[in-house]
Amino acid sequence: MAVIFEKTKALTDKTFHYCPGCTHGIIHRLVAEVLEELNLTDNAIGVAPVGCSVFAYDYFNCDMHEAAHGRAPAVATGIKRVHPDNAVFTYQGDGDLASIGCAEIVHAAMRGEKFTTIFVNNAIYGMTGGQMAPTTLIGQKATTAPLGRDENHAGLPLKVSEMLATIPKAVFVERVSVHDVKHINQAKKAIKKAFQLQMEGKGFTLVEVLSTCPTNWGKTPVESLKWLQENMMPYFPLGNFRTPEEV
Amino acid sequence: MAVIFEKTKALTDKTFHYCPGCTHGIIHRLVAEVLEELNLTDNAIGVAPVGCSVFAYDYFNCDMHEAAHGRAPAVATGIKRVHPDNAVFTYQGDGDLASIGCAEIVHAAMRGEKFTTIFVNNAIYGMTGGQMAPTTLIGQKATTAPLGRDENHAGLPLKVSEMLATIPKAVFVERVSVHDVKHINQAKKAIKKAFQLQMEGKGFTLVEVLSTCPTNWGKTPVESLKWLQENMMPYFPLGNFRTPEEV
Amino acid sequence: MTHEIIMAGFGGQGVMAMGKILAEAALREGKNVSWLPSYGPEMRGGTANCNVIVSEEPVGAPIVTEASAALVLNRPSLDKFEKDVIPGGTLIINSSLIDKKATREDIKVYYVPANEIANEIGTGKIANMVMLGAYLEASGAAKQDTIMEVVSEIFSGKKAEVIPLNKEALTRGAACIK
Amino acid sequence: MTHEIIMAGFGGQGVMAMGKILAEAALREGKNVSWLPSYGPEMRGGTANCNVIVSEEPVGAPIVTEASAALVLNRPSLDKFEKDVIPGGTLIINSSLIDKKATREDIKVYYVPANEIANEIGTGKIANMVMLGAYLEASGAAKQDTIMEVVSEIFSGKKAEVIPLNKEALTRGAACIK
Amino acid sequence: MAKELWKGNEAIAEAAIKSGCRFFFGYPITPQNEIPEYMSLRMPQEGGCFLQAESEVAAINMVYGAAGSGARVMTSSSSPGISLKQEGISYIAGAELPCVIVNIVRGGPGLGGIQPAQSDYYQACKGGGHGDYRLVVLAPSSVQEAVDLTQEAFDIADQYRMPVMIMGDGMIGQMMEPVEFREVAKRQLPDKEWATTGTKGKRKANVINSLFIDPAECEKHNNKLFAKYDEITKNEMRVEEYKLEGAEIVFVAYGTTARIVKNAINTLEKEGIKAGLIRPITLWPFPYASIEAAAEKANVKAFLTVEMSMGQMVDDVKIAASGKKPVHFYGRTGGMVPTPAAIVEQVKKILGGVK
Amino acid sequence: MAKELWKGNEAIAEAAIKSGCRFFFGYPITPQNEIPEYMSLRMPQEGGCFLQAESEVAAINMVYGAAGSGARVMTSSSSPGISLKQEGISYIAGAELPCVIVNIVRGGPGLGGIQPAQSDYYQACKGGGHGDYRLVVLAPSSVQEAVDLTQEAFDIADQYRMPVMIMGDGMIGQMMEPVEFREVAKRQLPDKEWATTGTKGKRKANVINSLFIDPAECEKHNNKLFAKYDEITKNEMRVEEYKLEGAEIVFVAYGTTARIVKNAINTLEKEGIKAGLIRPITLWPFPYASIEAAAEKANVKAFLTVEMSMGQMVDDVKIAASGKKPVHFYGRTGGMVPTPAAIVEQVKKILGGVK
Amino acid sequence: MAGKVIFDENRCKGCELCTTVCPFNLVVMNKERINIKGYHPATVKDMDKCSGCASCAKICPDVVIKVEREK
Amino acid sequence: MAGKVIFDENRCKGCELCTTVCPFNLVVMNKERINIKGYHPATVKDMDKCSGCASCAKICPDVVIKVEREK
Ligand SMILES: Cc1ncc(C[n+]2csc(CCOP(=O)(O)OP(=O)(O)O)c2C)c(N)n1
Ligand SMILES: Cc1ncc(C[n+]2csc(CCOP(=O)(O)OP(=O)(O)O)c2C)c(N)n1
Ligand code: SF4
Ligand code: SF4
Ligand code: SF4
Ligand code: SF4
Ligand code: SF4
Ligand code: SF4
Ligand SMILES: [Mg+2]
Ligand SMILES: [Mg+2]
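Those protein sequence lines, which keep their order, are chains A, B, C, D, E, F, G and H.
Residue numbering for the first sequence follows the numbering used here, beginning at 1 and increasing consecutively.
Residue numbering for the second sequence follows the numbering used here, beginning at 1001 and increasing consecutively.
Residue numbering for the third sequence follows the numbering used here, beginning at 2001 and increasing consecutively.
Residue numbering for the fourth sequence follows the numbering used here, beginning at 3001 and increasing consecutively.
Residue numbering for the fifth sequence follows the numbering used here, beginning at 4001 and increasing consecutively.
Residue numbering for the sixth sequence follows the numbering used here, beginning at 5001 and increasing consecutively.
Residue numbering for the seventh sequence follows the numbering used here, beginning at 6001 and increasing consecutively.
Residue numbering for the eighth sequence follows the numbering used here, beginning at 7001 and increasing consecutively.
These are calculated hints, taken from the structure and not from any lab test.
Since we're looking at a predicted model, the values are computed, not measured.
Careful, some of the hints might be misleading.
To be verified - In silico lysine-lysine, DSS-like type, Cα no more than 30 Å apart, as pairs:
#1 F:Lys5202 / A:Lys189
#2 E:Lys4202 / H:Lys7066
#3 F:Lys5325 / F:Lys5234
Sequences and hints are given; from them, build the entire structure.
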């Protein structure tokens, strides 16, 4: 019997603390598999955010920092400047990256910091119990938008990838999803590309992954995948927003 | 004799503290003239930044707040939410707005806060003595980039207007310059339009004004206007990046 | 008399609601009360618990470290809280989900097949009220009538049909105490 | 003997440099020294000043509030600092730019037409050195030779041609003290 | 009005609304999320505005803007978020703006934990931000008191033009207790003539500012602030003294910890040991006088400060006790809560030692 | 090496480089700009990295990343910027990372002014950030001492795995004085086995972290930190005692203020009044013992704390004096600097009162 | 070419995502079992039909599933 | 239609910007005068040629210049 699929060694054996069906787990696995496939696990230094993935340091089998809320890009900058040859990545939620950490991600991109950001957009603050994120959709309910997000009051959801794609040193920016196997495969490809470009010293790389939060969306995991596809994807179109011109 | 031109009443009589030839003074005057022409002086609440224009509260003849460095958009949000019918504006430098205050300006734009930002881009930190700004050009010397800004180290200058123009609720974004009379006239038009749209409740409005810093550029005021035109304008092209579709 | 109660179970078992109902009822009976939930990420998937204090005196610390009673709805809660019951105190175990027996000998232990009873009544969701019924009977911390007054207000309107089920749950729970 | 000196003028008049040169020279002569500039936006366009202390003893506060001497290169500086000179102290006034006379009678006042002398020497930029030359003569805070040693190092290489001009400035300044 | 069960966080939010607070700017953080969540629902109902800011830094600066505009405004957060607000708080104090800031403290340092703690006492009372300034710091020990103090906080803020902090912990924020919303005693509050509203052509421009570039002006401003602080110290200091009569041991404790201490006092009483409690309600201004007075009494053998911290209030207790009686300390940290039993044990140890 | 004239800020920067500091993350602010400016030139020459961060918040988090990666790293700022760093500092303390933070203090609160002040004593020593933690706080009073202390700061930071703050003021930063760069006494420094470098497949993953979600763990961590702090208090406390012998009046002052006090002491001496000075060099750990000892002496009539603040260090002096001798205070704020003459006058007033 | 899937049952959180992607609808929840976490775990009833495509494994957020295939 | 420009001399900082925009090159620096701030102020030598176009006023950063024109 050949092993077709098994847990990658870049993940520890610890069971994820995520809610049932939360796609944070899938994204963790993809990142870990890419590290392993690129032979970077031993070389990697990751940065966990504050958000549901705060314990990411327990799951990735590599050196890790736990950063203050939103500051992972600054922490990663510090790390990468000290260890320019290591593979450095941040793993951040949409509250963490798009709200409190907005300046840090824009400036890491501007400077072309040579690390990779995995940006998990679940349109909500998961960990703190379902408050509105900058990415929360119009009409979507959140505990701090109890009647649904109102564009006149709170504006329109922030399209982070589109915004960062205006920055030249953000050399790779792609939005992917993990709501079915096909998209999971594509997501992995994008993540792999991002790490490869990082190791080639090309500049800042970011993969935005649309993700579910069954708990705070108030849906079953299966319904959540559907909701992602039907509601998030139209507003947050998948695709590559920047990629270096190949020579 | 008819008066063709005189100091607007929206400016106080206080002499500006700016260095000789610093175009902050021109921009102040334009904003003040627009306030007066739109009959908004008595209604306006302005927000001064930390930067050379920190004393703007001494010059504008209207209610003013002095904000912490970078936080003018947050302060203006607080003001405008309390006084939705007043004309609210921030006046910010490029260090203030594009560096430390990056998250605040992006989010004010995202929410579509109904105030006007006058963004004075002089490609340098004026007040603190010529340190590098996010907008400092490649090769331009600064006290913290003594050999000139190096794109491999510090990235490429941030194009704020282009970046903010990706945000739908930033309804009016235009870049202007004040290096000659024609452009000064155009700049005033843009500022006027921004205030008009604000008062119509359209959303967030921003005018980026290219400005000189003879002192820290190490140039005479006259040379500075030329340098602006020859060096800043090619990288920071003038023009409108967003304007509401008229009905 | 001061009742210091720990109520604990899985996230969805309604331990928080059960605690609030008791506190509200006791308040209506003129008692001093407090209700303190566990909070934060530990709740996610894991266990949830709350502390309720019902007293003639002003309530001191709202946190219960020496419980006059513990109501445990699942196995981890039994493991965690059995030790916190004071000698002579009461431990009520949801025997539907907990196959283990209590190890303490210095306390009163009651086994209530709460889920089974709830299913018999017709909705598994009110296992918590079965437990509460048992506790009321064992402690007298509040009257069943006052509890029902509170329950009736919660389920006023459309959901009123569940009110009698709650009453039955309390009664059936009480019947387990002997 | 402790020299506590205030040097003040417009931004471009070289008061900061003059202070540093004095401090450096005195250091080479084995004295304890400190140099403290004014700083911040007040310098922009406005006046610039520095405090220099030269002493046999360790230097206490680097800030000069009771000056043994003040060198004022422009009018606002005279207005601001005249009062800070201790009785018996020295006030040197750049009479090229200051038409006003000192009001104090309890101090030694010297009027030095520093800009005129500097222009005569050939470069208006070394009015500061004229003032310094006068001060050295009046105070003996450092030797002209040591000052010239420092100046020579600053202008080594290409700019060496200005060294003799500096020497002349010092000397002409000294000549104003009688 | 009959008493109703309220969760601390929601009760604080409702109390703010009842006090005329119509603007709230905040950012989510456990264990205070119920405050913004409640506000997001209630503010629009009252014609007010709830806004979730992009960060705590933005939130406190929105508060600055709204307060300077004359509004009653509040923000709330928990420890790391309050750290981020320090610059803004210093600005608000410097510009003499009234506002209310709630800190539902959690265990630190760093990300720490989310369980109850009192380890932000220094930050709140000694100035976490730069420069010389003070906050009035109110430390409720029950949900009812949280309500009462919140209502008054807005008046104190307006009366003295300064930020007032409500400092609670996860227990106060999360617990439910019976609450009655009462009228607060009316204060004579000055008009907000300084607020920015647009001049309407009727007055000189108002400027909200904390910059004093001339050191002499800056010093004058500092002295003005401290004259105000002296007045507040005279007028607003509050303390509860509990069973001090004849006490051998005097506890000093605040907030929820004080409730635990009361349990311990009752236990000690049963065992024949007389103990009392000085409970600062205003952490600043700190009730030095109560402690000084107790230190003078012959019956008092020692002080025991109990805190959910490594002993931050001990400084103030020592200053007040001024060497007259020993000051002991018992604390738990990181979200661990002292038990009455452990406190009783401490007392026995101390009295053993003292005798 | 002959002594050279160095500006304080640049001397601090050069001292850091000489101590092996190879990473600097900062943001401009007066009056410390010469530090980042100097670093921007010198770091690349030494193969190090200077980076201007987008803000103070980013800068301190870059420091967190670099420190966790095993580098010797520094940041500097002035008061408002240091306020913004409070969350980050608490994280660094919580995660036990070594780094050096320079605060060239200016007048506050708020935007305040840019002239010298000491009004961030509370913030530095009592914890401006949330949670229970400490910084070692070094307060040089000359440029030479700034150099010496900066060099040692990196060793202290590494030895105890904690942030060390150099606290100066605009005078220290801006003045020039003769400096000699000396070798620092070698310390036995532990290997940074905990640093993230990539595992290289040779060890278990390292994690830099301050999150302890279980309160018991969080408390254990707090206790661990404080055990370390106790050790530092034992080992690293520094103080200068000046002319204490027979002094009637004992000044307590630090930094540049202490120099001014020395001038005053000499004047007083000439007038026949014996005065001495206790100058804390480590503001934390604070030299309580020196003051305690002075308070015990019969010749000492009173303490006079002199600060460029409204009296923040007075708390610590009072705690140490413990009521044995009165503690007076004289301060200037907002950038105003006390003069020797004014200090002398204060002493005469006090002695007049004491006699 | 028959596949085989192995469930690390105690990691399973019963989210049912794996049940939605099997081309042969082989994956079902085992309502008879409760795992250590209190969930009904996923299982495959008809292993013979499994192609070893690993779809179930790839969508499982909790890395419960290992897939093997005959050589 | 002749214009007239009036300089608020003590506001002038001698930056010379106004001298670069006059269509008739009328604006020059007055090297003979030093104003209260210590600058040589700008002035117009040949006022008769002024068209009152206000270009000088519009580029002046210090609002030194007032422009009038005959009706
Ligand atoms: C300074 C600070 N502010 C707020 C918080 C509270 N907090 C923790 S996680 C979080 C939001 C997380 O949302 P997101 O980044 O979208 O991650 P998710 O949980 O959705 O994966 C917040 C606000 C904090 N820990 N620190
Ligand atoms: C929190 C904080 N950080 C830093 C500073 C110092 N500071 C004052 S102005 C300024 C930069 C100003 O540059 P810019 O915004 O471009 O305005 P300009 O002076 O060029 O008009 C800085 C960094 C401060 N006052 N507060
Ligand atoms: S709260 Fe949402 S994002 Fe967080 S673990 Fe649960 S499902 Fe995932
Ligand atoms: S420093 Fe530059 S920006 Fe500031 S006033 Fe002078 S010229 Fe203008
Ligand atoms: S490996 Fe493919 S065929 Fe086999 S059970 Fe999983 S999804 Fe079905
Ligand atoms: S996807 Fe994984 S966790 Fe979810 S039910 Fe299937 S095996 Fe279990
Ligand atoms: S108004 Fe026009 S024509 Fe007259 S001086 Fe000015 S620029 Fe020249
Ligand atoms: S532009 Fe204005 S300030 Fe400049 S020289 Fe002309 S008049 Fe003077
Ligand atoms: Mg999220
Ligand atoms: Mg600028």
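Results of checking the hints against the structure:
For a cut-off of 30 Å, the pair hint linking Lys5202 (chain F) to Lys189 (chain A) stands: about 29 Å separates their Cα positions. Taking the CA atoms of Lys4202 (chain E) and Lys7066 (chain H), the gap is near 27 Å; set against the 30 Å cutoff, the hint holds. With a C-alpha separation of about 25 Å, the suggested pairing of Lys5325 (chain F) with Lys5234 (chain F) holds against the 30 Å cut-off.
Going through the hint list in order, the structure satisfies each hint without exception.
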